[in-house]
Amino acid sequence: MKKFILLGSIVLALTVLSCTEGFEETNTNPNQPEEVSSDLLLATVLSTMANSAASTGWGNGNVVAQLTAKINFTGFDRYDWGSESGLWNLHYGILPEIDIILESARAEETKNSSYEGIALIMRSYVFAILTDNWGNVPFTDAIDGVNGNFTPAYDDQEIIYNGILNDLETAEVLLRAGDPVFGGDIIYGGNTAQWRKFANSLRLRYLMRISGKRDVSSEIQAIFNSGVFIATNEDNAVMLYPATTLIDSWPVSRSRVGSFDEFRMSETIESVLKGFNDNRLQKWFQPTDNPSDDPNLFVGLPNGLSEDNASNFNGGASNVSRLRQSFFFDSPNSVKAAILQSAEVHFIFAEAMQRGLIAGDAETLYNEGIRLSFEYWDITQDLGAYLSQNGVAYDGQLETIITQKWLASFLVGFEGWYDFRRTGLPSFIVPGSDNVNDDRVPVRFLYPDSEQTLNSQNFEAVVSKIGGNDINIKGWWEQ
Amino acid sequence: MAFAFLAAAIGHSQNTLRGKVLDENNIPLPGASVVVKGSSAGVATDFDGNFAIEISNSDAVLVITYIGYFAKEVSGGIQDNLVVVLQPDSQQLDEVVVTALGIKKEKKRLGYAVQEVKGDDLVTARETNVTNSLAGRAAGVQVTGGSSGVGSTSLIVIRGEGSLIPGNNSPLFVVDGIPINNRTVSNSVEGNLETDFGNGAQDINPDDVESISILKGPNATALYGSRGMNGVVLVTTKTGKSKQGLGVSITQNMTFEDPLRIPRYQNQYGQGAGGEFAFLDGFGGGINDNIDESWGPLLDGRLIAQHDSPTTSGFRAGDFAVRPRNPDGTFADQIIPTPWEPQPGNIEDFFRTGTTSTTNISVTGGNEFGDLRLSLTNLTSEGILPNADFDRKTYALSGSYKLSDWLKVSSSLNYVNSSSNNRPNNSYGTENIMYLWVWFGRQINMNSLRDYWQPGLEGRQQFNFNYNWHDNPFLTMFENTNAFDKHRIFGFARVDMDLTKDLSLMVRTGIDYFNELRIGKRAFSSQRFARGQYREDDIFFKEQNTDFLFQYNKEVTKDVSLGFSFGGNLRDEENRYKRISANSLSIPGIFNFENAAEPLSKTQFIDGRKVNSLYAFANVAYKNYLFLDVTGRNDWSSTLPSDNNSYFYPSVGVSAVLSDMFQIGGPVSFLKLRGGWAVVGNDTDPFALRNTFSFDEPFGNSQRVSASNVLKNENLKPEEATSIEVGADLRFFNNRLGLDVTYYNSTVENQIITLPVSNTSGFNSRIINAGEIRNYGIEVVLNTVPVKTKGGFTWNSDVNFTAARGEVKSLIDGLETLEISSNYINVLAKVGGRMGDVYGTGLLTVDDPNSPFFGQVIHNSDGFSIRDPELKKLGNYNPDFMLGWQNTFTYKGFNLGVLFDWRHGGVVNSRTVLIGGTSGLMDFTAVGREEGIISEGVIQNPDGSFRPNDVRLSGRDFYWWKFNRTNEEIGMFDASFLKLREVRLGYNFPSKMLKNTFIRTLNLSLVGRNLALWTENPHFDPETLSFSGGTIVPGVEDMATPSSRSVGFNINVTF
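Protein sequences appear in the order of chains A and B.
Per the working numbering, residue 54 is the first one in the first sequence, and the count goes up by one each step.
Per the working numbering, residue 10 is the first one in the second sequence, and the count goes up by one each step.
Isolated chain B, as found in the complex:
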């Protein structure tokens, strides 16, 4: 009996079947799926198209599938060394994409453009902020990386800026059907500079992303109603579904970062003025030691007293608080002068090599009833600025289970803990480390500042090269820190019911919740807080969405199928914010509120929003080549007046697959035309209806309030964006060439804007419905396979091209110009102008076209140019076009990916160049110091005629005047750039090699991001953002931390 059993077992013992999968041209298909029908066993072909699968008996049926090809079943006495040839399916080629509300649809049915980015593109050569990974990967998507290192906000704008409110153009981020907050919660605090703690979407862990679907315009997003105006980024996370049986994956990614571009400084002259400098106390007691500019002596090695020169007392010269003094207060010791030498690498020396390590372990499993995925990720990053870091730990669990043949439950839970011990400050001022490099001495050896306390006064008195204006940069980074610790949970619970054969119901509730604590510390002797500071910001956010959806699908006749859906959503959002600050402390080094030496400063608010929605949509398909989609959604928002809080958003879309309707033949393998019309909208922020008074900090014992400087409005209406979109999808030569072209035209009307008004009216602004902005553009996606050899070499080239324009059609009666932002330069919306137009001040020029001096700068009789108070147009910060070019080369187990990102056109104002120009630090200021400079242009004679300027100014006077910060025109640069965004070289180890190991697949990649930059200016990366009053302002480089270049490797192992 036992033997019989054993024999039976042996008889059923598994056989290994080997085979090869080829395409119609007999080229191997790597990654094709081979599954034994009716079981959970399945494998994928390797790069040679080979597979090996265990089958229990020779009657087994194999199902071979590959995207874009007809599935093939092989049965009946399968032989070893099986060769399977798959035939292309131009219909199925239209892969399934995720559309609004998470509904998967065949791409060919859609009346609008959707682009997907695969998870693999996010994790191999990775960005900490997943938003950055989208740069260059999809047409119509503009991503601008932030300017304070790892953890910065990344700004994403889809199809241009439709809003007149700056920073209000973010698309909606949705993860597995649950909206995720993508706000950058500002940290604008009186007394402190701003800190960028990143945009909300950076909590999305790239390792858990299966795919990202980008819904670009209202036509695609109409079902999101009031939230769909700026597009939607739909993130689908990985589940256990794709894997049958147990799967374990381990990924280790390690990258090293260094600054991509550092401004070019001169190395001929050191600190001081008039060619003179000698340090005494750093407060102006010496010769020009109050001056933080580099107009001092030639760096020729002469001996000069400097902040780090030794003294006869044994202290450093800059140790002013501990050096011995005479009774009259003068120093009793002598400074021993040291050589005055160039330090060409001093700024580079400050930066360090950043490192980012990401480890992910995931376990998946599934069977016919359910699936589960558990993923743990640990990211630790050390920034290129010393003591700046970013950590993120992610726990993700998702799973589903079929409780019965009509009922399925699924759930997902993500817990993200992101934190940093120190995020650098932004903008112009002492707390920003980059501010120091435009007010610096070129002779300063950076190492001299590393020991940043004066001896015996640790924690109390810093040591520095200048005490009038600056903090020691190492003190700033190591003591004056901005930490945060954010705990975020998002996920859903969902039930799917098949009520009848044709009708299903989904009910789901999802939550996005976070709590973030920010802690700011400032040491004693800091410029802004002489007695230190301790600050806490406590941020709470919760949004809950509960929705249901009935879906009914029916094949009415053989040719006509019909789908109808009806659903609703309840959205409930709650915000709480509290900031408490002790702006001076009793005892150094103790950071808590009990140690406060003065009454605490505080800010607090809570707000909330509720939006209820009902929606329905229908689709009709005729013969599987003609498709019609109709949607309608009604929202009710708590932020709008109760008699006007309901609004309806319809859309219609048509798709026609001409290549199936008619026999086109020839090189055309697929041809589809699509078009649609849609309306979406927007509500407003909470509390926009009635004016209130705000509390100010008390003055002594007197509590104070201020009237609102914004006039609110009880008669607001919802905003409305109307869009049309048409497009064509063409493929030729068996899909070797694919061209997808989209034209869109979207008009946003009745915008709810905070309209600036003359403050002589008693208000700075009022909230109204006004303005009409038209956005239109062309998006082209060109996919080609230029080379595909039988030997297995393939080159895929994918180009995304975008040319977008935003046009201001109207504002409000009588108003021709609206100021959108003014962070140094003014971003103005002028009727007839383009969104993103930048205005600023410049110099007076000869405006008589008949004058021989036409166009030349006018100077006064002392040789100083004359400023022109009129604002003039300096350009537009948006690019004329963007082009992303992804190349993928595969050969055997190797694959090489090269991504270029080209943005052409646009301008950027560089504050670094402007200020560094006045202070004698930039390289170009070394010219003309000895002999003086005659500013180019003319002088106006008393009779009104002109003569060439003939007055020579000292170098400092010339550059101070020319690069004066009010001469914004001189700080403008072409923002065009070409970046080598990404290179990755990967190798998949052949399965043969892994055969006798536990390892199923092994991939090793060398990766690089932002490896090269080509742009007009040598000083900074024009891809940059600035911050002003909590608002992100593009088009200004304002003491930006250099962007970084990263190189590293990625290893992925699966078992």
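Excised from the complex, chain A in its bound form:
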């Protein structure tokens, strides 16, 4: 009996022990791949970034540039600013995908200079937004968690700009080889020639950004001379919303009417568009709702009002123009997601010429920029008459150029705000009456709370270096 029991227990124990064989299989994830091809990642990167450009343009981008104004939840419009951690997370969150494409495009067995170039372009674009929004941010040491660096140091904005400009230059060269793009390119459909134009145009944007700090004339001139830049609206870095599902539609069209309605025509843009008889007025906005109003009455709302003052302005919301509902809300794909348009490129050249950075006739490029913006927005307008008006006609003043560039930046990320910070133009952008920032337009967002807690040493170092985690501390290029 005792033997039987001993044997029995040994058998049972061995049964338990021998059952660990299937462990490896049990713990292998059957749902998700450990390796993927670059096209699947590229679609993620491009859709995320283009959508973000249009969404931030729709929201805080237009508001801080006073292209629109808030009638409800007015905190941001009053400069009651926080960290915009959602944006921070989105941008740092997409960098790993970009780096994986880059790594794969550089690896011997999957070498592809086009994917490498595209990845470098997108990487530069993401870091430019990060540094333009927050100032000094982790760059050199960033996205290195795989190697154990979870607390990257912050780089000076100048270092970041050096890296971005260098990468864009490299990218343009890499794309010349024309290696095939096997998919995932939802912006240019694999056309590497277009990507070269995009690389150079982004470079132009960032060269102009730092033009107060550094002589960028020869680089801008070289690009101008090469002709490789976004010259027509067909070249635009623009994504169309497929609108097959909730996910791939213009997000505002899938939100509540109230969220759409929070944004109204600003008093600032009202006076400019009306003053110029600019038909973008009817394209972007609609007449007031009040049935007793003139059916063609457009009324803008001052920026930066308190909650109560905004609601009650001009007798309430029915007496203030909304954005055009049929275009921006009712349709899931009327709005295009633009990262960079040809109009902007022309205004950059016009400014470079106006400032004598490069040779050429600023007026020609300025006029072409206006024409391209009208074309982009599908505006029917007598261009000659428009261009001959006071305030529109090129008068050699930078503000004239920047005013048109400002209008053309409608829905394009924070471009209007960046130009305002760089040039102080258009000068008619003044903080709203109920602002809580001592009548200053803020120049950066706060670093997120997560950096305070998760990267505290580097956070404290950078805060003491720049002089505080404050929305009024200027970055390198605007100092």
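Hints were generated in silico from the structure; no laboratory data involved.
Treat the hints loosely; a few may be bogus.
[Claimed, not checked] Label pairs and their calculated CB-CB ranges:
| no. | chain 1 | residue 1 | chain 2 | residue 2 | range |
| --- | --- | --- | --- | --- | --- |
| 1 | B | E467 | A | Q442 | 53 to 61 Å |
| 2 | B | I599 | A | E162 | 46 to 54 Å |
| 3 | B | E357 | A | D347 | 44 to 52 Å |
| 4 | A | A66 | B | V629 | 22 to 30 Å |
| 5 | B | R843 | A | P340 | 56 to 64 Å |
[What the hints assert, rightly or not] Derived DSSO-like pairs: lysine-lysine, alpha-carbon spacing no greater than 30 Å straight-line:
| no. | chain 1 | residue 1 | chain 2 | residue 2 |
| --- | --- | --- | --- | --- |
| 6 | B | K510 | B | K250 |
| 7 | B | K882 | B | K818 |
| 8 | B | K721 | A | K164 |
| 9 | B | K530 | B | K551 |
| 10 | B | K510 | B | K46 |
| 11 | B | K881 | A | K527 |
| 12 | B | K1004 | B | K247 |
| 13 | B | K402 | B | K530 |
| 14 | B | K1001 | B | K901 |
| 15 | A | K389 | A | K327 |
| 16 | B | K1004 | B | K797 |
Heads up, the beta-carbon is just placed ideally off N, CA and C, and yes, glycines get one too.
Place chain B on chain A using the hints.
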């Protein structure tokens, strides 16, 4: 011959013997067992200690037993009107409790604290979720009821939070030796708000529970190895064993619920802004009719166009889609203004009286060979929210049979079908009904919204007071439903063998399996799904455990007895989840995937886990007063790296009954000291070792993937919790006073945590072994019998006291702070801080202690307070101490139970107060609207000095700014509360009265749960949970459905 037989039969005819059972003080003992030895016949004494038993002859031997007393046999010419006096047995008083692996042990042998809750405490005044019934009943156990009505998750934490992973502190639930899944399977879906479909343990049917044994710490749970870290709730179900012969029991319970506490709203001003409002279309076409706040006109009965005002066309003003229009799109009819009046009861009007009906029928039977119990239970509940409900049908069968004198088989099978036609949504947003009451017009008559379609557009276009932001609340409840239907089976098959006189073997296999289908429907014109939605979540879970256990018990000498056991367990777990959603539909009212108007959105995963274990334990008893227990368990888990997947958990426990070792005497009737040391641990989730890519929804035709934002780890080690526990059990005055004190100290090291990292590293978090959390605390159980009279009146008072602390000892090198969760407020683990510390943002104050304005809020020159971006500590969500106080009064057939539950300390953030403060709905926002308000505090002068704030703001600007949701500090409230958790008044009908009926016992009880709440704030119940990304986050009231108060009755009849 026939006559002789008849005569013999008559001669054997049974006689009725009557008697009375008394205790040593000659006080009647109700419920004592009286059995005829050698037969299955037995009865229990009534409340007067009386019994009547049939005996076949005068030689019969009666065995009288009562817990805590020596059994007594009475034989030899028993006389009628027998009086039996039982003597107390301080040793046997230590009742037998169920311990780890279901092994029953005398309580006095244990080196750790165990508390039991009896089934009776669960079924008389009942909770649908059995977890809720544990609140206040055991020291060291914190139960927090969920926030979306009947069927909600109830969070249970035993001895504090040892884990840095939120929601990962649930104890293991074990029913009859089989682990039962207690997870809350989240329903976090893009586009939808979350829905709480309840925690797994709510499938346990209270009617089938014999007792619940709570194993609180590692010392008690070491034999559960990697699953024992957070304690174990051991449920023992009823069997036929306790009854000899046939028994039939029928119970009917009926309760009525209403909201315990509803926020207080102002009733002076209606919807609008700047004191103005007029409805035109609910989209902003009228005066402020886009505004869903109550900063509008004084509710003085003036005539104002409103959403429910009639129009000259015969429609309601809010019927914008059907009212006649002019060619230019303006309305062709006129709204006829109606009186603008307060509706003080409008929110209350939305709620209804909930009802919960439970019917249980059980049949039991047994003899010396076996026993059987069959139980059927039907629970139907209608929630306090209209069209919210919960049903549960339970079938339970258990039985055992002795096949031979060495072989016994037993089995149990439970089938539970829980379902609901609609579970309300949680959290902040349009799908949660409670969200509407913080963005509402105080003038709205709730009845005006009951007819929620626009005429002629039924199924297509809702009718509402506002179309910019909101769904009609009745549409939300009746059309936008979240149904579920869950089928669960758990049970076991078991063989027990007596191999020798001293050695037995048990082999068992048990299963917990469920399949749950969740169906979400959204109607056309819903805010989030303009063209409707149809969604299915399909959840499959299976866990099988097969175990064996050899037990050897031997009395070595007269004084020394020895027990040795050896066993093993194979655990195999499988999860499957699939969600498919059609986010727009072609035809209204048809809810299936074929009606989808766009490509389906989908999510799918399967995972599994295997854990193998071997364990052994030994116990030595010396003279029945000194006991030593040693256990050891080794687990092998599939979730850990193959070279590091084995881990060992030892424990040692000692118990010494000093009152038996020494003659203590005096008032002391029992004194025991106990102590122990134990290690338990934890493995991790499946697939935590290697990174993978996840699929995103396609973008047009482009498939998309994303890199993992969690960095996984191939070098994980198992977690380890080391615990010591010491305690004393003292009883005085013949057990009239009992005091049980426990101190424990448990340290969890090498936690496997998903450590948040700066996302500038390319990851949001990484999985590592890190952190050391110390949990320590004191638990006191004080049982007293303050009054016990000869007349039969007894008052029992049982107090459970708990003071627990969790302390963050370390995280990882260089890391001082770890964010555990951030649902509005941040729960941070800081080295040196306490678990549950809550941080958030507030306002800048004068920080110069020499300033006369020290501590005052700083404002800008426009009179708006200035926000402080630095996170500051706002408190801790855990209570400082908890005290449960159960009183039981018995007199004759009556018994009255009163349970208080007191939690002192802790904070809670109320989103309802914060948002309702900005929107002009809360009662306090009525103040200062006419004249404006100067915010209390100072303004900083250009020279840096301060002056008292002198800028007057409009009421709306003041409250908007002050109760701004980023000013989390202002939403903090003291979470302390005292609840009258339970009152029950029962009456047992005397057996005399039932004598000539079939009825054996009849009990009628009036019951109430959560009858009263005392707490600082008048707006909400601080016992609440919030949900964030599938995780339960305590300390935040986030648009919580009010908890309910219930009253009702319970009838139990046995035959």
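Hint by hint, here is what the structure shows:
no. : hint                         : result
1   : B:E467 to A:Q442: 53 to 61 Å : holds (54 Å)
2   : B:I599 to A:E162: 46 to 54 Å : holds (51 Å)
3   : B:E357 to A:D347: 44 to 52 Å : holds (46 Å)
4   : A:A66 to B:V629: 22 to 30 Å  : holds (24 Å)
5   : B:R843 to A:P340: 56 to 64 Å : holds (59 Å)
6   : B:K510 to B:K250             : holds (23 Å)
7   : B:K882 to B:K818             : holds (18 Å)
8   : B:K721 to A:K164             : holds (27 Å)
9   : B:K530 to B:K551             : holds (28 Å)
10  : B:K510 to B:K46              : holds (24 Å)
11  : B:K881 to A:K527             : holds (27 Å)
12  : B:K1004 to B:K247            : holds (27 Å)
13  : B:K402 to B:K530             : holds (24 Å)
14  : B:K1001 to B:K901            : holds (13 Å)
15  : A:K389 to A:K327             : holds (25 Å)
16  : B:K1004 to B:K797            : holds (29 Å)
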